[in-house]
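J.: Here's the letter readout for the chains.
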Amino acid sequence: MNTFRFGDEEIPAEPGQSIGAALIAAGHRAWRTTRHTGEPRGIFCGIGICFDCLVTVNDRPGQRACLTEAQPGDRVTPQEGAGRGHLAV
Amino acid sequence: MVTSRYDIAVLGAGPAGLAAAAAAHQAGKHTVLIDGNPRVGGQYWRHRPGDQGAGHHDWAELRRLLAIVSGADVVTGQQVWHVERTEDGFTLHGPDLRCRTLIVATGGYDRQLPFPGWTLPGVVTAGGAQALLKGQNVLVGKEIVVAGTGPFLLPVAAGLAEAGARVVGVYEAGEPRGFARRPAALLANPAKLVEGAGYLRTFARHRIPYHTNRTVVAAQGKNRVESVTVAELDRHWRARPDTERTLNCDAIAVGYGFTPQLEIPLQLGCAARLDADGSLVATADGQQRASVPGVYLAGEVCGIGGADLSLVEGELAGLHAADALADRPRLARLLRRRRTLRAFAAAMHATYPVKPGWLTWSEPETLLCRCEEITLRTARKAVHDLGASDARGVKLLARPGMGLCQGRVCGYATACLVAHERGRSVTATDLQGMSARPIAAPITLGQLTQLGQPSKED
Amino acid sequence: MLVIGAGMVGAACAYHCAEAGLRVTVVDRGAVAGGTTSGGEGNILVSDKEPGPELDLALLSIRKWRELGERVGPALLELEAKGGVVVAQNAETSAGLAELAKAQRDNGITAHEISPAELAELEPNLTREVASGVHYPQDMQVQPMLAAAQLLRHSGARVRTGVEVQAVRRNTSGALTGVRTSAGDIAADWVINAAGTWGGDLASLAGAPVPVLPRKGFVLVTEPLPRVIRHKVYTADYVANVASGDAGLETSVVVEGTRAGTVLIGASRERVGFDRRFSLAVLRKLAAQAIGIFPFLAEVTLLRGYLGFRPYCPDHLPVIGPDPRVPGLVHACGHEGAGIGLAAATGHLIAQALTGATPELDLTPFRPDRFGQEAR
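Protein chains in written order, with numbering that gives the first Met the number 0: chain A, 0 to 88; chain B, 0 to 457; chain C, 0 to 375.
Keep in mind the hints are simulated off the structure, nothing from the lab.
Glycine included, every Cβ here is placed at the ideal spot set by N, Cα and C.
Hints may be right or wrong, so weigh each one.
To be verified - Selected chain C positions facing chain B (Cβ under 8 angstroms, derived; list incomplete): (1) R28; (2) A30; (3) V31; (4) G33; (5) S93; (6) L145; (7) R152; (8) H153; (9) G155; (10) T160; (11) V218; (12) E222; (13) A286; (14) A297; (15) L301.
Pulled out of the complex, with its shape left as it was, chain A reads as follows:
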């Protein structure tokens, strides 16, 4: 088992497992809020089609959790809105 960091948590992941699957296995259902109404979202299609499960991985926002393989030591953060708040002017 590898682990990656999600907020304050260490999330276990089987080798080759996606970040999204590992988060679900750890009991999480949502890790993103929408841009307009702040609704929580998590995995919907599970196969890279819907872009609902976006997370920020090692400071890169907009990664599809269902497709992104968890790497040991990854820092995964929930994504608020577009996930690029630091660019806002």
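Fit chains B and C to the supplied structure of chain A, relying on the hints for placement.
T.: Showing chains B and C alone in chain A's frame:
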């Protein structure tokens, strides 16, 4: 940089793509098989590293095909985001390579209909629940409601139950008994009957209730799904009054048929048409050729028909693309099999139609487009106040389909909505207006600037 | 009167003419705002115009757009008076830009020359590799499809989509009396040619040729972002490109945010006829130029790209007003890449011309019969 030049490139490594690549490679063509997933197999044979095939159908067939294509080039984990036509073939971008002939076998994904609460975390597509299980060894919930329409709900529910979830119930919106009225197609496909019987035995063993004419019309919960409302449907799929029941669950797996993944054929200008199941499909001729010279189609992209049909169409596409037509008995056998399986698919589509009553399940504030958070009310206003007359018009004026998924999820529902509001049927133009995606997979602007140009030498 | 074309220009004509008391019907062979308008960016610019008739028209149009915003509501049109910022990236361009800005100021445009430090304040995400800039507070942005649809709605005009004009009808003295369409005959005292890129075809159908040609342009759209760019920001080379007669590909990038959160990157200019093919080479060039002025864009995801055809005349001026060759025929087309911006003034001037008022601007430079032989 674009360096390699292949005789044949096959997009998608599900049953159709594997069969196509195997046939082309065996015919001596320099072949490459490309898939965006980390492993080949597609949705049908989605598996984990080291998977020995337990719980998979036709695993031996996958092993056989894999043994053949291992001699060809296989590129996984890279999505093709654009294909350009060149004077003597095609240039692919994603994995950057060139080919003389292209076989598109990109499959499809679950088709969705909005209902109140469908954006709650824990509501997933039927295919998504299956992918999490088969590809990731993860159950999407402990108590799962499976809903939608079509035979695909059966293996999804059976798989979830076998893996230890409590399947609260399977809610089939349609009326599969209608199959009895089309016995010819069924009798010609006894394997399908046996398969269905197998799922029903699993259902009995796990005490999974299977309901027809019923579906999930709403989901409730705070920040995640906690319960669903199921209701009996009339023949138009409107909920019958006083039939609503609330069931506790922590996940819903839902799907209303499939949407073919047509980005690449549409980029190349291939003709498309409305199929019997209401999907936009690329038009293939008897030799699996698309309308654009050099492009072949196999599997769900030219009509949703399941894995068996995909295998046959893939093999035919591979043989024709490779011009390997000497084995007449083999071709004749494949053509016969394709005819039988297409008849079965047609019977299936006739049995599991989506009816317009689903529009009545939603509130005006229910989201139509999950990405841009566009409500049904806003979309309807685009039709009635702003004069949108087709799906593209609604998209331009109200933005459903303009977000990250580019209409992959809401395209079908948007087309149905505008057609309904205008008092007409959905057209291929409606669906095409939600399906044109010149960038088929996400790339950064930085990656775009590093794009390789094909060199003249190779 | 009958307006042919339910795009931005047709909608502005319908709105102003209805307001002036005319009874208006609009037909379009396609959908509302589904043709030339749908391929545009929504620029309402004075900054890219050199002194001359087009600049006068642009200044009038800025005023009319403000009025439309007040009447219809800026939010319904997604009309934003965001201003434009033009950036010079080397000393030579900087000098040329300053010269243009001075000439524009002499002709009524507000144009503030600004230093690199002031640029960084106006646009914090802009590259620091800049020589100088000019701030044009009058430039505006609108969502073109929405604006067209809303103006049509507010005009009260009868809008008939999916109706194609097949022929014109005339009386014995040659004046237009209406058109024959795929949905039957429509009678009208005035027929307005607002057919965008197809304006030339319609003019020929009516027996009064006008040379309207397509210029192809690509626009890139990014993933949705927070507000990262405040103005319409473009490189000074843009000005040279707009007036160019060169047929080859030109790109000089315009970058801006939208209300929806996406960043638009436009636009290339190619004179290649109605070629709808996608060109990755063009897209790559646009992306590189955009990253050149906003480096953060390198990490931003491309969502889609679209292309449109800008209807242009050989002298790069639109065709506006009644056609003396065919009584009853009125043109409102050929605005090239500025049709959205110039639509408000065009509609206003046509309403004045049709109701006997003296047009607020001299229409002579825009007259339809100015082309002579080249129209054929």
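J.: Please check whether T160/C passes as an interface residue: C-beta within 8 angstroms of a C-beta belonging to chain B.
T.: 5 angstroms, holds
J.: Given a cut of 8 angstroms on the nearest C-beta pair, is the interface hint for H153/C held or broken against chain B?
T.: Hint on H153/C: violated, closest Cβ of chain B at ~10 angstroms, above 8 angstroms.
J.: For the hint on A286/C, does the least C-beta distance to chain B fall short of 8 angstroms?
T.: 4 angstroms, holds
J.: Return the status of the interface hint for V218/C: holds when the least beta-carbon distance to chain B is below 8 angstroms, violated otherwise.
T.: 11 angstroms, violated
J.: Close enough to count: is the Cβ of R152/C nearer than 8 angstroms to one in chain B?
T.: 6 angstroms, holds
J.: Let me know if the C-beta of V31/C comes in closer than 8 angstroms to any C-beta of chain B, holds or violated.
T.: 4 angstroms, holds
J.: Does the closest beta carbon of chain B sit nearer than 8 angstroms to the beta carbon of S93/C?
T.: Violated. Min distance 25 angstroms.
J.: So, as I understand it, the hint says L145/C touches chain B; can you test that by seeing if any CB pair is closer than 8 angstroms?
T.: 6 angstroms, holds
J.: With a cut-off of 8 angstroms on the beta carbons, see whether G33/C makes it to chain B.
T.: For G33/C, the interface hint holds, since the closest Cβ of chain B sits about 6 angstroms away, which is under 8 angstroms.
J.: Would you settle whether the hint for E222/C is holds or violated, based on the nearest Cβ-Cβ distance to chain B being less than 8 angstroms?
T.: 6 angstroms, holds
J.: Using Cβ atoms only, decide whether A297/C comes closer than 8 angstroms to chain B, and label the hint accordingly.
T.: Nearest chain B Cβ about 3 angstroms off; hint holds.
J.: A closest beta-carbon separation below 8 angstroms is what the hint needs, so does L301/C meet it against chain B?
T.: Result: holds, 6 angstroms to nearest chain B Cβ.
Going through the hint list in order, the structure does not satisfy hints 1, 5, 8, 9, 11.
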